[in-house]
Amino acid sequence: MYRSERLVLCHFWAAFAAFVPAICLGVFQMVARSPWLEVRDPKMYYSSVTAHGSFFGYMFPTFVAMGFGYAACANALAQRIVGQGFAWLGFAMAVVGSLAALIPELLGKSATLYTFYLPLMGNTWYYVGLILVVLGSWVWVAVMLANLTVWKVRHRNAPVPLAMFASCAGALLWFWTSLGVTIELLSSVVPYLLGWTATVNAGLGRILFSWTLHGIVYFWLIPSYVAFYTLVPKEADSRLYSDTMGRIAFILFLVFSMPVGMHHIFGDPEVAGGPKFMHALFTALVAVPTFLTVFSICASLETGGRLRGGKGLFGWIGALPWDRPMILACGLSLIMLGLGGAGGLINMSYGLDATIHNTQWVTAHFHLIYGGAIVIMYFAIAYEIWPHLTGKQLFSVRMARWQLWFWFVGLMVTTIPWHIVGLMGQPRRMAFYDYHDPAIAPQAPFVVISSIGGFIILLSSILLVINLLATQLQPKGELEHRLRFALAVNPPIRVPRVLNGFAFWNVLILILLVVNYGLPLSQLLFFKQHTTPAFPIGVTQYQEK
Amino acid sequence: MSEDLLRTGDLPEEEISRAENRWVLVVCAITVLIVVTFTVSIAFFRDAPPSSLESISSDEIHRSGEFVESNLGTAMQLDGSAVVRLVLQQFSFSPSVIKVPVNTPVTIRAVSADVVHGFLVIGTNVNAMVVPGYITTVRVQFSHPGEYTVPCHEFCGIGHQDMWAKLIVGSKADFPVDPTGKQRF
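Going down the list, the protein sequences come from chains Z and H.
For the first sequence, the positions run 790 to 1334 when my numbering is used.
For the second sequence, the positions run 813 to 997 when my numbering is used.
The hints are simulated quantities; they were obtained by calculation from the structure and are not laboratory data.
Model, not experiment: these values are computed from the prediction.
Worth double-checking, as some hints may not be accurate.
Here chain Z is said to cover these stretches of chain H; the calculated rule only asks that three of the stretch's residues, wherever they fall, bring their Cβ under 8 Å from a Cβ of chain Z [said to hold, decoys possible]: (1) 842-850; (2) 864-876; (3) 884-894; (4) 926-934; (5) 946-954.
Note that the Cβ used here is the ideal one computed from N, Cα and C, for glycine as well.
Using the sequences and the hints, build the whole thing.
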């Protein structure tokens, strides 16, 4: 790990320390809005949704991406991380920011939900915290790129190892995509909090937020895809089918994940049909790298399965080492990715979106893709690197397998009924529903089944944390500290410059952003705009009324 | 592990490229099919989301213009179509019972008096956001009479879960055209 163990471990513990409590909030929400208990406490409910969403949207994946990025940097480049002091500074900023944002939420002072749609206005510390998390993550971006540059200077013309190349694509993706929400905060929220203005432009805020809202999902996804390409083939006793295909896939994610965000606001009045349609077209393109990845990973797995003695059209599947957490997680992840991806194609279809927009279908979709397909690979990453971080064997591989299965079953039991009630028209983000209303009553049994899934997920998350903790608490271990990544079937000797760096792609991103966001933003200049008063929202404000 | 079972060169690069190129063609075909499907649905069925791009000052809507209280509800037009005007605010719709004629072109125009709201007529494709400062326009024709549930589907504050309306699709005969243009349903 080239003396980065402690840095990586701290990032992963920052992600997993609050994992079980944050899952508990999710379970509480599912029970609270189900006909089981009918808690009917909207103040507690919306505070809980805000904390659950902020943790899982902004903090948990950021710490995983940062930690795994540093692990890839040190191990793939086989060098000590340059600027480790800055890395610790970024970590400290992100931790302090997370606490500053989460505490007011848990105290009920900032129930904006994690999307903080203007003109709703949360607690000052919530925004200060978020800005600190973003700034801390930008320090990570800078450290990653600095290490890439230093390595490239030392190894002229050598292909950058895929794990590092892909992690840097993720870092750049995050930088570009986080600009949207940063501009929203600086242009609308901060001037209000400082007392410079009493009003905000809600439409402008939504356009800027949509810039971040889809790219951020791909930022969450990158660590899992890095694991697909660089860890899964090795665990299948195989090699990566194609190094070039991997580079192309990560570049496509980087380029196409931002100029598509307005598919989240198809139903909005502040954007014209043309830009919305353009974003729908680009969204269809962003499915391409996922299709490529599924092929590459399946081909790598098939190669491994056949080498292990699998025969026939499907015999190689049975020959794979399913007892290894990485392979099991990969298989379960691909199933969830397939189901969730099909739902995603419906969401992005310009007209079809109207049947499901802002219903529980959407909640089901992103829990299946992110909570399911992406996060299950985070677990596999943790199981893979914990022994390298600590030098100790994983406490229990059997427990890890149970944990992954519980997670998969829990996610399925939760999200399938959610999709169904979404199609029945149940709106998302509501503290409770009146199941006595004959129009809503048929949804009740599905909501009950779905909430059972929450408890299975909770059980899984407890097993995860126990396993990681128990691994670390074992007596001193002797395992190798270096994390090794999969070789390609034909390791690259020379790589074209455009597939070995990001200069060209950064220019292309800038052009696409100017076209796809510049157009709708400049449209706002051509007709009279009306700002609206901000509405502070926290439980305490309502108590004072 | 891997080094033992598979050596560099066991699978020639040409073979890998051939397989990949075939797959890339499949992916391109899928992508084109998706794009063509939703483009055709827009071109031939006008299956497009509402995108009116009209602005309005939300602190004036109660006092003057199109969205004053006496003008809300359903107004039959001289051409036989209907215009529904709605104001959404924390935490109710005005009017909270919307009545429209069946098999008639209906234009819904909605504004917000405060924060972001949204509405969904459950069981139909009417689904739009209502952002303060803008007018949301949705065009629709209801072909089945009956009572529809209309929730606000964007979080708008602590009372969000109480923000529901009803939409009643009734017989055309109950919506006579008023030549003065003043009658509201």
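The hints, checked one at a time:
1. Given a C-beta distance limit of less than 8 Å, the hint that chain Z covers the segment 842-850 of chain H holds, as 6 residues qualify and 3 suffice.
2. Restraint check on the segment 864-876 of chain H versus chain Z: 8 residues with Cβ-Cβ distances below 8 Å, three needed, restraint holds.
3. Counting residues of the segment 884-894 of chain H whose beta carbon lies closer than 8 Å to any beta carbon of chain Z gives 0, which falls short of the minimum of three for the stated coverage.
4. Three residues within the 8 Å Cβ limit are the bar, and the segment 926-934 of chain H against chain Z gives 6, so the coverage statement holds.
5. Only residues whose C-beta sits within less than 8 Å of a C-beta in chain Z count toward coverage, and the segment 946-954 of chain H has 4 of them, enough to reach three; the restraint holds.
The structure shown violates just one earlier hint, number 3.
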